[in-house]
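Asks: Based on the provided sequences and hints, a complete structural model is requested.
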Amino acid sequence: MSDQILSVTGLGVGYGQTTIVSNLDLTVERGEVLTMLGLNGAGKTTVLKAIAGLLPHSGQVMFDGHDVSRWPGNRINRAGLAYVPQGMGVYPGISVGEHLRLARHFQDDRLDIQSEVLDWFPILKERLKQDAQSLSGGQRKMLSFVMALSSAPSLVLLDEPTEGVAPVVREQLVEALAQVVRRTSVLLVEQNLDTALAIGGRCHVIEQGAIVESGMIRDLHASGVIEARLSV
Amino acid sequence: MLATLLPVDSFTVVALVATFVLAAIGLHFTLGLLGVVNMVHGEFILIGAFATYQVQDSLGSPTWGFVIAPIVAGLFGAFVEIVLVRRLYLRPLDTLLVTFGLSLIIRQGVQLIYSPNPKQVDDPIGGSFLVAGYNVPWWRLTVVIAAIVLVAAWLLFDRTTIGLRWRAAVRNPELAEAMGYSVRTARTWLFAIGCATAGLAGAMLAPINTLTPQYGLRFLVNSFLVVILGKPGSLRGLAIAAVVLGGSLGVLQFHVSTVYAQMIMLVIAVVAARLRPLVTAKRS
Numbered sequence: 001m002s003d004q005i006l007s008v009t010g011l012g013v014g015y016g017q018t019t020i021v022s023n024l025d026l027t028v029e030r031g032e033v034l035t036m037l038g039l040n041g042a043g044k045t046t047v048l049k050a051i052a053g054l055l056p057h058s059g060q061v062m063f064d065g066h067d068v069s070r071w072p073g074n075r076i077n078r079a080g081l082a083y084v085p086q087g088m089g090v091y092p093g094i095s096v097g098e099h100l101r102l103a104r105h106f107q108d109d110r111l112d113i114q115s116e117v118l119d120w121f122p123i124l125k126e127r128l129k130q131d132a133q134s135l136s137g138g139q140r141k142m143l144s145f146v147m148a149l150s151s152a153p154s155l156v157l158l159d160e161p162t163e164g165v166a167p168v169v170r171e172q173l174v175e176a177l178a179q180v181v182r183r184t185s186v187l188l189v190e191q192n193l194d195t196a197l198a199i200g201g202r203c204h205v206i207e208q209g210a211i212v213e214s215g216m217i218r219d220l221h222a223s224g225v226i227e228a229r230l231s232v
Numbered sequence: 001m002l003a004t005l006l007p008v009d010s011f012t013v014v015a016l017v018a019t020f021v022l023a024a025i026g027l028h029f030t031l032g033l034l035g036v037v038n039m040v041h042g043e044f045i046l047i048g049a050f051a052t053y054q055v056q057d058s059l060g061s062p063t064w065g066f067v068i069a070p071i072v073a074g075l076f077g078a079f080v081e082i083v084l085v086r087r088l089y090l091r092p093l094d095t096l097l098v099t100f101g102l103s104l105i106i107r108q109g110v111q112l113i114y115s116p117n118p119k120q121v122d123d124p125i126g127g128s129f130l131v132a133g134y135n136v137p138w139w140r141l142t143v144v145i146a147a148i149v150l151v152a153a154w155l156l157f158d159r160t161t162i163g164l165r166w167r168a169a170v171r172n173p174e175l176a177e178a179m180g181y182s183v184r185t186a187r188t189w190l191f192a193i194g195c196a197t198a199g200l201a202g203a204m205l206a207p208i209n210t211l212t213p214q215y216g217l218r219f220l221v222n223s224f225l226v227v228i229l230g231k232p233g234s235l236r237g238l239a240i241a242a243v244v245l246g247g248s249l250g251v252l253q254f255h256v257s258t259v260y261a262q263m264i265m266l267v268i269a270v271v272a273a274r275l276r277p278l279v280t281a282k283r284s
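Keeping their order, the protein sequence lines are chains A and B. Residue numbers are given in the numbering used here: position 217 of the first sequence equals residue 217, and the series is strictly consecutive. Residue numbers are given in the numbering used here: position 116 of the second sequence equals residue 116, and the series is strictly consecutive.
It is worth saying that the hints were derived from the structure and are not from the lab. For every residue, glycine included, the Cβ atom is placed at its ideal position computed from N, Cα and C. Do not take every clue at face value.
Here are the simulated SDA-like cross-link-like pairs (lysine to any residue), alpha carbons at most 25 Å apart as the crow flies [claimed, not checked]:
1. A/K129 <-> B/D158
2. B/K119 <-> B/I68
3. B/K282 <-> A/S136
4. B/K231 <-> A/G89
5. B/K282 <-> A/S95
6. A/K129 <-> A/G93
7. B/K119 <-> B/S58
8. A/K129 <-> B/I162
9. A/K129 <-> B/A281
Label-pair ranges, simulated between beta-carbon atoms [as the list claims (entries may be wrong)]:
10. A/S136 <-> B/V83: 38 to 48 Å
11. B/L156 <-> A/D25: 43 to 53 Å
12. A/G215 <-> B/L90: 33 to 43 Å
13. B/V83 <-> A/E213: 42 to 52 Å
14. A/S58 <-> B/L90: 22 to 32 Å
15. A/R182 <-> B/I71: 52 to 62 Å
16. B/T161 <-> A/M216: 39 to 49 Å
17. B/T161 <-> A/G215: 43 to 53 Å
18. A/R30 <-> B/V221: 51 to 61 Å
19. A/R182 <-> B/I145: 53 to 63 Å
Residues from chain A that keep clear of chain B, each with C-beta distances beyond 12 Å, as calculated [said to hold, decoys possible]:
20. T9
21. T19
22. R127
Replies: Encoded structure:
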């Protein structure tokens, strides 16, 4: 019997009159990593935001046995779903240390988990008093990782975690990503095929808000399907 | 001795700066933090003042008004946020239109209930004392202390758990929501606190002003100037802008007529707004 942490049925999202995603189905098994690959504008981020409760949508989203389709984002997060946004999302004017307090919801019993994740990125420990906005792009990505994992979530949605960072930082982030996959279920959105291949697992290729290819990512890569779809 | 050395009554200038701070601090929350172009800010000052007048009219003393006024203004502010403003965040022109319309309705409502005739709230302490040759009325000193305490309290509150949550919610709403914090709740509280603070300002300033339905308007422009010049969202900036604008107006009023003093203060505001980015760039 399958043990699904996430089940999305008939997901539809639009902005005004424009439909971005229509009738999309996907599932993530507990402990699994599922990657969504697609070009810019394919609707990957929109899917993640809808699942995280940050965009109004049609269809059903079941998370950990609960129908969270109409829940606000903050309630979905407290139920155990963490979302790491695309870009360098931090709170301007708020220090790294304060970000970490916010991420663990001011609960000291989460300090151990947070310290463990923080050990992956020692540079952040030297920046605790610094305004998070003044961190480099790579360091902000690291901070996003730590924040998302501080609440020991049962599912992490990661939106292009290695986008726009230097190669050396990308390696560090991919290593961290491999650690995340060992700990919890992951729904990963990527454009970078190398990152997706390094993580492995199941994959959907998305075009214009619909799934056009599915399978194990290494099989799809070996058969040249992904390259053809993404014109790599 | 000091009075003979300085050409102006220093305490009057200090009291005017405190008035600027007190009147603008509510707008720090609604405009500075939430980005609502809050044209109804002056009417929350009006509500605070008339709530105090009503208490005086009913109980014979305005004292309880200073407690009731911020509660009334805060509760009404929460109602306004939930019913009107909530749907209009990030739509500045719409908030301007809606809050402007609401300000007209409140002003007309106050005029219908209390008539356009001027009203007076009694000074709850009364009397004054002399310091270095200057006459210091007790109530104006209370206003100065209230302004200092409010700024200090909110600067300290920023460092608390709730203060940090609310700062996060207004600075990156999507991230805060994704991290488990209700942005909607934070916004309602911040708007209500802004309105309650405006109501408190209205009550505190009522004994040193004459109340009419236009009472809130006299504070509106200066409050916007102080918040915008001080950099929206910065309480320290607000305090500095209040010192620059309130201080210059206070000094000028001793040398030229009030109309000229206000004109010169506006010129100072424009020059300061022009220079601020240069000073910030040089510092960074």
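Asks: Each hint should be assessed against the structure and marked as holding or not.
Replies: Now for the hints, and whether the structure bears them out:
1. A/K129 <-> B/D158: The given pair, whose Cα atoms are some 16 Å apart, holds under the 25 Å limit.
2. B/K119 <-> B/I68: holds (18 Å)
3. B/K282 <-> A/S136: The given pair, whose Cα atoms are some 22 Å apart, holds under the 25 Å limit.
4. B/K231 <-> A/G89: Distance ~23 Å between B/K231 and A/G89 Cα, so the pair holds.
5. B/K282 <-> A/S95: holds (23 Å)
6. A/K129 <-> A/G93: holds (11 Å)
7. B/K119 <-> B/S58: Cα-Cα ~14 Å, so holds.
8. A/K129 <-> B/I162: holds (19 Å)
9. A/K129 <-> B/A281: With a Cα-Cα distance of about 22 Å, the restraint between A/K129 and B/A281 holds, given a limit of 25 Å.
10. A/S136 <-> B/V83: 38 to 48 Å: holds (44 Å)
11. B/L156 <-> A/D25: 43 to 53 Å: Distance hint for B/L156, A/D25 holds at roughly 51 Å.
12. A/G215 <-> B/L90: 33 to 43 Å: holds (41 Å)
13. B/V83 <-> A/E213: 42 to 52 Å: holds (48 Å)
14. A/S58 <-> B/L90: 22 to 32 Å: 24 Å Cβ-Cβ, so the 22 to 32 Å window holds.
15. A/R182 <-> B/I71: 52 to 62 Å: Since the Cβ atoms of A/R182 and B/I71 sit about 54 Å apart, the hinted range of 52 to 62 Å holds.
16. B/T161 <-> A/M216: 39 to 49 Å: holds (45 Å)
17. B/T161 <-> A/G215: 43 to 53 Å: Holds: the Cβ-Cβ distance is about 47 Å, inside 43 to 53 Å.
18. A/R30 <-> B/V221: 51 to 61 Å: The hint (51 to 61 Å, Cβ to Cβ) holds, given that A/R30 and B/V221 are roughly 60 Å apart.
19. A/R182 <-> B/I145: 53 to 63 Å: holds (59 Å)
20. T9: holds (22 Å)
21. T19: holds (22 Å)
22. R127: holds (18 Å)
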